[in-house]
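Asks: The residues making up each chain are set out below.
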Amino acid sequence: MFHILCPAILAALTALPALAEEVTTFTLPNDLEVVVIEDHRAPVVVQMVWYRAGAADEKPGVSGIAHYLEHLMFKGTDTLAPGEFSRTVEDNGGSDNAFTSWDYTGYFQRIAADRLELVMRMEADRMRNLKLTEDDWQTEREVIIEERNQRTDSDPGAIFGEQRRAAQYLNHPYGTPIIGWRQEMEQLTRQDALDWYQRYYAPNNAILVVAGDVTPEQVRQLAETYYGPLEPSEGIAVRKRPQEPPQLAERRLTYSDPRVSQPYVTRSYLAPERDPGDQTKAAALTILADLLGGDGQTSVLARKLQFDRKLAIYTSAHYDGTSYDDTTFNLVVVPAEGVSLDEAEKAMDEVLAEFLETGVDPAAFARVKTRIHAAMIYAQDDVGGLARRYGEALTTGLTVADVQAWPDVLDAVTEADVIAAATEIFDRRRAVTGWTMRAGEEEVMQ
Amino acid sequence: MIRVLFAACLALAAALPASAVEIREVTSPGGIKAWLVEEHSIPFTALELRFKGGTSLDQPGKRGATILMMGLLEEGAGDLDSQGFAEARDALAAQFSFDARDDAVSISARMLSENRGEAVALLKSALTEPRFDDDAVARVKAQVVSIIQSDEKDPNTIAARSFDGLAFGDHPYGTSRNGTIDSMTALTRDDLIAAHAGVLARDRVYVSAVGDITEAELGALLDDLLGGLPETGAPMPPRTELGLTGGVTVIDFASPQSVVTFGHAGIKRDDPDFFTAYVLNQILGAGGFGSRLMDEVREKRGLTYGIYTYLAPMDLAETWQGGFSSANEKVAEAIEVVRAEWARMVADGVTEAELEAAKTYLTGSYPLRFDGNGPIADILVGMQIEELPTSYVNDRNAYIEAVTLDDIRRVAARLLKPEDLRFVVVGRPVGLEASN
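Line by line, the protein sequences give chains A and B.
The numbering of the first sequence is the working numbering, which starts it at 1 and goes up by one.
The numbering of the second sequence is the working numbering, which starts it at 1 and goes up by one.
It is possible that part of the hints are untrue.
Footprint (simulated), chain B over chain A, 3 or more residues, beta carbon under 8 Å [claimed, not checked]:
#1 80–87
#2 107–114
#3 136–143
#4 185–195
#5 252–261
Residues from chain A shown here face chain B by an in silico Cβ test under 8 Å; the list is partial [unchecked claim]:
#6 Thr77
#7 Gly94
#8 Ser95
Hints were generated in silico from the structure; no laboratory data involved.
These numbers were taken from a predicted model, which means no experiment stands behind them.
Heads up, the beta-carbon is just placed ideally off N, CA and C, and yes, glycines get one too.
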């Protein structure tokens, strides 16, 4: 079995949090939330600082600023020269990096457990003391434009994905790419970056996750020493982004590009996300995605379209409910040679309709539940992955209790819940359908 | 119930000292050797199998046979068809992955302690009695063909393939493991049976296990799992001479950015200078931020999002390679910077401070790799293939520490040849001439 399109999209259930990890949480007086996950098998520690600020929090006109600032965070402070942060981490055998999403920006270091103090001192320093020189910000703007060239403009799948997403969200800033629209990236300034930094980078807008060979007491002492003195920001309020109006009109997009070799159909439906204390529907959708397209051999789409009707060479369904606002439920069908996109899409819709009518196969449902239990066990082997789950959840509006309840919520999902959730979201008026096509072999979309 | 069990296990783990991994060399009653690390705190085992030879064992005209064969092992075995196999695997919550690389094929398994026996039986059927049913073969072939078609329009793959073709010519290293659409389409069930017999043999298997398993349990497992495989497989392919020359190859591709793969001859893994070259490469281009190329090409000039170099000591040839992408208008300047950095390294070597920083990083980061049952199993099987002793995990940092400034200078002069660098550029570069 080979993954054709999206090797990164694994079965949604592998992203389950585990319940059994030893987790301790506390909050410093300046409102920095701290999560400690213990794993003493190897003398390694991961420090992650997550800010509740992502691309969807940007003002109109400065798209890409959250991600640009993430790059500039490596440019130095009063006490660290540009590049010295990463160099110091590497000099101590560690590695570091950062990432930006719509809902959060995160920074992490992985290092020997006895060097935690060093990275904590530096991470705390740059939370409030960033310095940006003229040279730094202009050169780095070139770098992010090269990043856009590499990740987006060189990849027809990414280009079309950006366009489809913009069509999915009529009003919510989730429709704007994280990297930014090129013409706005080219105009970003040092002041834009500093405005963003000063507003959002503060202990009362951050979550510190420390995972690995460390005790909560050690973390508490170090955090009080280094993060404790930092002043909170006054600009932090509960995030309220522009919300989606009722979506009443189906959107259908086509894209052709000489670089496309394999045509395919995508469909994304607007879908609810995990909410604090209310994760049941998201859990049902998670299981729905697994049943429909989680496994390349046994999922409903694979069975019907790849095995029985032989109309497709690859199918998948994907849903990730960890999101601050409404997210999407995604389907992909890659047609077999000689099968048109129109036929592939119709077949996909027939499968969905049949699924709603006949309901969930009890044996398949039982296998999903088994995998939920196993995922809890396997997740224990990757403490960095656990750290990411907590950071992601806490920056998308969830609580530690929600993270820990998630396996039970999943376990409690019934077959009827899955069908009810599917019936609710599979509404073409809230969906974007995309046809990716070879240049010169365009089909006319109905 | 399960939760209570975990909590107890974790409490036990927390009471253990965090110490280096203890590797044991074990031999099964049937004579199969393996490396074992017992780690009982989480109730599962990571098992890693690697068979040397890999896709380079594809016979002439049968390019793609090994990768197709490996892709079909989970598509029906014994009494189970493709879906039956997947259902059985999921019912046990076991995870199997099958991979095929130039020098080895690998099978990675994660199995819960509670049903390990059944999971092993299932994996054994995939290894020893794959069905290669016609419909499964056709289906997986179509997937590979789609990947081949996509690769033909992917600038990164085009660059890598072109570089490999220049470097290795007719040797298997010179072409895609997937074969061509023609070679893939023409493969028959008999070709798959032949590839299976040639690749999955006991004379080339390396094994490691990490997790909730004892020596006796592992021995029995291995005899059961591998005992039915043939004793010997296909003869190993021959070494190949590098056909690379210095210069620039430009492949036209409509894109705002040019993708560049570059490199020249490298060094064998068992060469006495290997560690010096490894440290040198860390300073030159492997170190991410802090490496010279990242500093010069990205940080100072903003010419790329990322640039890297690596040593590729494969079983049958060695290269020193790198890659980056730059806007079409900038790529010529970036290539000049790379050449200049190559030359500067030969002329001036590295500074004491650079050497120390590289050593601290390499020695400090090494233990961080051993951070889970899966990663440890992977490292251990790789060490066996490289014929390293178990003591290597303790000695390896001493090899790094022993590298001197003089060593670096000598090895830079021996191996780094700016004039030998071949750059394959896929895009519409401005102001850059193909040299030959």
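Asks: State for each hint whether it applies.
Replies: Structure-based check of each hint:
no.: 1; hint: 80–87; verdict: holds (count 4)
no.: 2; hint: 107–114; verdict: holds (count 4)
no.: 3; hint: 136–143; verdict: holds (count 6)
no.: 4; hint: 185–195; verdict: violated (count 0)
no.: 5; hint: 252–261; verdict: holds (count 4)
no.: 6; hint: Thr77; verdict: violated, 16 Å
no.: 7; hint: Gly94; verdict: holds, 7 Å
no.: 8; hint: Ser95; verdict: holds, 7 Å
In the structure shown, a violation is registered for the earlier hints numbered 4 and 6, in ascending order.
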